[in-house]
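Residue strings, one per chain:
Number of protein chains: 2
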Amino acid sequence: MKVTVEENHNQPWTREEFEKKLRDKEKFYHINHEFHILMNSGKLDKKAIQGWVANRFYYQSAIPVKDASIMSNCWDRDVRRSWVQRILDHDGYGDDEGGIEAWLLLGEAVGLTRKELLSHEHLLPGVKFAIDAYVNFARQQPWEIAASSSLTEMFAPKIHQKRLDNWPEFYPWIDKEGYTYFRKRLKEARRDVEHGLDITLDYYKTREQQERMLNVLQFKLDILWTMLDCMWMAYIEDKPPYHNC
Amino acid sequence: MKVTVEENHNQPWTREEFEKKLRDKEKFYHINHEFHILMNSGKLDKKAIQGWVANRFYYQSAIPVKDASIMSNCWDRDVRRSWVQRILDHDGYGDDEGGIEAWLLLGEAVGLTRKELLSHEHLLPGVKFAIDAYVNFARQQPWEIAASSSLTEMFAPKIHQKRLDNWPEFYPWIDKEGYTYFRKRLKEARRDVEHGLDITLDYYKTREQQERMLNVLQFKLDILWTMLDCMWMAYIEDKPPYHNC
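Top to bottom, those sequences are chains P and X.
All the letters of the first sequence, read from the start, carry residue numbers 86 to 330 under my numbering.
All the letters of the second sequence, read from the start, carry residue numbers 86 to 330 under my numbering.
The set of hints was computed from the structure by calculation and includes no laboratory data.
Hints are not guaranteed to be accurate.
Pairs involving identical chains hold if they fit within one copy or between any two copies, as the list cannot separate such chains.
[Claimed, not checked] Below, simulated SDA-like cross-link-like pairs (lysine to any residue); rule was C-alpha separation at most 20 Å, straight line:
no., residue 1, residue 2
1, Lys105, Cys330
2, Lys324, Glu119
3, Lys112, Pro326
4, Lys324, Leu123
5, Lys112, Lys324
6, Lys128, Asn329
7, Lys132, Phe222
8, Lys110, Pro326
9, Lys110, Pro325
10, Lys105, His280
11, Lys132, Ser204
12, Lys269, Tyr143
13, Lys110, Cys330
14, Lys131, Leu282
15, Lys106, Ala147
Treat the numbers as computed from the prediction; the structure is a model and nothing was measured.
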């Protein structure tokens with residue numbers, strides 16, 4: 086009996102089982118962070134909302150750099166032809182102004198200026214370190230592994246939908262024009278997930294590799310969680326870096 | 086008159102002025118972080134002390150990797166002959182077991198096992214991101230700039246001395262054998278500062294470069310501060326990542 090159990094333990098998960106293991110990671114998604122819970126129940130003040138928008142702007146700015154890093158390690162033209170869509174979505178292309186511009190509009194809607202956002206003057210060091218870890222991971226890992234780290238997108242549509250549902254009521258002072266980004270990402274994230282999931286379910290073959298992939302996804306979850314920890318310290322505890330110096 | 090003022094503003098600082106500007110950054114050193122203030126006044130419980138020692142062990146482990154990264158960009162044999170001393174100090178060489186081993190002894194003195202430390206199982210994600218930012222900076226920047234980022238060592242002897250002075254009284258449960266690391270670094274840090282300071286004062290020539298160097302030092306101060314922010318969240322606020330999931 087013991088041998089059978091161990092054999093099962095070493096057998097790779099089927100595509101369906103593997104996908105379920107990935108989706109089970111949702112419980113660690115930053116939607117469950119206390120900062121996010123306060124935000125989505127209307128309990129943040131204007132300063133905290135602005136802080137979140139300004140810090141998260143560095144994440145938006147980093148996404149195309151991260152995606153270019155993945156492509157810089159990828160010699161498969163077909164993959165690049167699909168993956169480049171993410172860069173076009175964020176940076177904009179032709180008539181589409183893209184996601185970074187949409188986030189700038191969100192910034193203006195919460196009362197920040199473009200200059201404040203573009204200078205990253207409100208960016209907390211710990212938020213920067215977490216996001217830079219994501220970019221450096223994409224630079225240093227095989228493209229398939231870096232690509233699979235983006236799969237927290239599986240959990241994104243729900244978070245965007247909740248913001249669209251709740252914010253207009255909770256934060257009437259935010260200009261409705263600001264919500265374009267969330268609407269835009271609702272459909273893009275769903276399409277990106279399909280592509281990222283295909284790459285991931287194909288690439289990790291053995292059980293050991295599949296288990297390693299769960300750690301890659303955890304790494305990305307750690308980044309999102311840590312970003313909110315830093316914002317918690319700065320905007321909820323009111324202890325931003327050097328506050329007592 | 087206005088022209089004269091602007092000329093002065095653009096003139097490089099003298100070596101003495103530049104060194105003073107660097108030393109003035111001491112006010113942002115993590116000795117002033119509230120976590121450190123609690124630690125050095127005997128107010129941390131065993132779990133928090135253990136958390137600090139375990140998280141800081143990842144920093145110790147990263148130092149030789151950071152120093153090898155600096156050397157990997159440096160084609161100057163004389164510099165490497167000096168800089169390699171830092172690797173020897175941390176990894177040990179011949180009969181000297183080195184700083185990492187000394188930190189393991191500190192870990193055992195506070196009640197952690199070697200296995201716990203070496204596995205980094207207590208390492209908080211945000212602490213890892215901050216330390217990895219330091220290693221990646223050393224990989225990606227010219228060696229002189231990466232070398233100059235280590236100058237927070239200017240402020241280290243005081244912090245080590247305070248620990249040696251206060252901990253035996255405040256934390257009588259810590260085995261005295263554990264304090265070898267702090268004693269060892271007292272003299273090494275002083276010698277390293279001389280070398281790092283020489284490189285820095287020589288390398289940054291224009292006022293603009295000198296001002297940029299202040300930001301490099303600030304980046305390193307941000308790393309040390311952010312590490313303690315993460316430990317504050319985990320061990321003082323009792324909100325480690327996913328605590329509510």
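Original post:
Any hints this thing doesn't respect? Which numbers, in order?
Top reply: 7, 14 and 15
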